[in-house]
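**Student:** One letter stands for each residue in the lines below.
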Amino acid sequence: MILEKIFDHVSNWNKFWFGLIFLGSVINAILKKFSLVGDSPYVLLFSLGAGALIGIIAKIRGVWL
Amino acid sequence: MSEILETPPEFSFEKEKAIAKSFSQRFQWEMILIGLGQAAIWLSLWPLVLNGFLDLWAGFLIAILCACFAYLPSHEAQHGNYSRGNPKLRWLDGFVGHISLITLKFPYHILRITHMKHHAYTNDPEKDPDYLNAHPKSVLTVIKNVLDGTTLQFGKYVDVFASDKAFVNSFQKAIPIAMFYKFLPMVLVVIFPLETLLLWWLPAKIGSVYTTVFFSYYPHLGTSTGRYKDTRFWSHWMPRFINHSMQLHFIHHLHPSIGHYDEPKAIEELKPFLIARKVPGADQIPDRITLNPLIKI
Numbered sequence: 000m001i002l003e004k005i006f007d008h009v010s011n012w013n014k015f016w017f018g019l020i021f022l023g024s025v026i027n028a029i030l031k032k033f034s035l036v037g038d039s040p041y042v043l044l045f046s047l048g049a050g051a052l053i054g055i056i057a058k059i060r061g062v063w064l
Numbered sequence: 000m001s002e003i004l005e006t007p008p009e010f011s012f013e014k015e016k017a018i019a020k021s022f023s024q025r026f027q028w029e030m031i032l033i034g035l036g037q038a039a040i041w042l043s044l045w046p047l048v049l050n051g052f053l054d055l056w057a058g059f060l061i062a063i064l065c066a067c068f069a070y071l072p073s074h075e076a077q078h079g080n081y082s083r084g085n086p087k088l089r090w091l092d093g094f095v096g097h098i099s100l101i102t103l104k105f106p107y108h109i110l111r112i113t114h115m116k117h118h119a120y121t122n123d124p125e126k127d128p129d130y131l132n133a134h135p136k137s138v139l140t141v142i143k144n145v146l147d148g149t150t151l152q153f154g155k156y157v158d159v160f161a162s163d164k165a166f167v168n169s170f171q172k173a174i175p176i177a178m179f180y181k182f183l184p185m186v187l188v189v190i191f192p193l194e195t196l197l198l199w200w201l202p203a204k205i206g207s208v209y210t211t212v213f214f215s216y217y218p219h220l221g222t223s224t225g226r227y228k229d230t231r232f233w234s235h236w237m238p239r240f241i242n243h244s245m246q247l248h249f250i251h252h253l254h255p256s257i258g259h260y261d262e263p264k265a266i267e268e269l270k271p272f273l274i275a276r277k278v279p280g281a282d283q284i285p286d287r288i289t290l291n292p293l294i295k296i
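Protein chains in written order, with numbering that gives the first Met the number 0: chain A, 0 to 64; chain B, 0 to 296.
Keep in mind that the hints were calculated from the coordinates and are not lab data.
All C-beta atoms, glycine included, are put in the ideal place defined by N, C-alpha and C.
Take these hints with a grain of salt, some might be off.
Unchecked claim - Facing chain A, from chain B, some residues (calculated, C-beta under 8 Å):
1. Q24
2. L151
3. I176
4. V189
Unchecked claim - With a cut-off of at most 35 Å between alpha-carbon atoms, the simulated DSBU-like pairs for lysine-lysine come out as follows:
5. A/K58 to B/K155
6. B/K181 to A/K4
7. B/K143 to B/K20
8. B/K116 to B/K155
9. A/K4 to B/K155
10. B/K143 to A/K32
11. B/K277 to A/K4
12. B/K116 to A/K58
13. B/K126 to B/K20
Based on the sequences and whatever the hints tell you, model everything.
**Tutor:** Okay, structure coming up:
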């Protein structure tokens, strides 16, 4: 069943995708609030990278906290 | 059931059941109002915040309150306490159950079936889906586990109850809703990052911590297995009105069809039975519970 396969993938890679998309977007939005770094063109790249890194670390560790 | 055999005839199970049944008839309109009301308020936060009518931080606080009120109305639905066996009203259980849980991002079907197993196998380390929430080292461990999601081992229980077709079917029915709750915040966060964080994701986490600490941890702390042994009467510094009266959760485990707001009166009448059956903490239950905050300092 396709739905179950997608569900399995999401379950296995949940932490990475959550880090990249969710944490990356939130970090980007927070950094943009600071005028010092908010105008830098690399903010989005840095934010997504930081989010993905946190997600990968959580996936390797198996837990977020 | 040895507790029943050991008690004198004036505390027979039939008498206990008859008293409990008299508190299991009322239509729980206030619980429906809370369930649908908190979901409606939570949904209205989005246009209010996005259009600048409400500060995001105020929305955050309101969303936390909504999340803390989200589980109990769904819990009553899980037990069929709105329809009360009337097939024509069964839709109401599902309707309130699903809508109420939007704030917490949990699929109703999964919570319903795992909760039924929690009742059937309370405190069984292998079969009770709530076991990890009820028996950790400390309340801080519960909070940490809920925040990082380690106690949500739904997959494990599909294996444990693989031979239970109703369980597996309900689980599969919940998969699309579970995926919806995974994907929707991921889409919303790209468009409205801080709003998604503060109106949904974080309040849902805080609401889940609140629910787990007061519904799973405190009522089952230090208890064992057995109908009259698996849940306790407890109290601490917090007035029961701000933790959904979970000091009285034991009566729900004994008679799940008693309406939540009817539990204090039911316990007042059933107290001699509870003491006779040696329910943990029953000897400390005050004679009057209605309007009693049950504070213990």
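**Student:** Hint by hint, note whether the structure agrees.
**Tutor:** So, going through the hints one by one against the coordinates:
For B/Q24, the suggested interface contact is broken, since its CB lies about 41 Å from the closest CB of chain A, more than 8 Å. At its closest, the beta carbon of B/L151 sits 10 Å from a beta carbon of chain A; the interface hint therefore is violated under the 8 Å criterion. With a cut of 8 Å, the hint placing B/I176 at the interface with chain A is violated, because the nearest CB-to-CB distance is about 11 Å. Because the smallest distance between the Cβ of B/V189 and any Cβ of chain A comes to about 5 Å, under 8 Å, the interface hint for this residue holds.
Using a Cα cut-off of 35 Å, the hinted pair A/K58 and B/K155 holds, with the two alpha carbons roughly 19 Å apart. Between B/K181 and A/K4, the direct Cα distance comes to roughly 15 Å. Compliance with the 35 Å bound is thereby established for this hinted pair. At roughly 39 Å between alpha-carbon atoms, B/K143 and B/K20 are farther apart than 35 Å, so this suggested pair is violated. For the hint pairing B/K116 with B/K155, the CA-to-CA distance comes to about 13 Å; that is within 35 Å, so the pair holds.
Proximity of A/K4 to B/K155 is assessed by CA-CA distance (about 17 Å); at most 35 Å being required, the pair is judged to hold. A threshold of 35 Å between alpha carbons decides the hint, and for B/K143 with A/K32 the separation of about 29 Å falls inside it, so the pair holds. Between B/K277 and A/K4 the alpha-carbon distance is near 49 Å, which puts this suggested pair outside the 35 Å criterion. With a C-alpha separation of about 29 Å, the suggested pair B/K116 and A/K58 falls inside the 35 Å cut-off, and the hint holds.
A distance of roughly 28 Å separates the Cα atoms of B/K126 and B/K20; the hinted pair therefore holds under the 35 Å criterion.
The structure is inconsistent with the numbered hints 1, 2, 3, 7, 11, although it conforms to all the rest.
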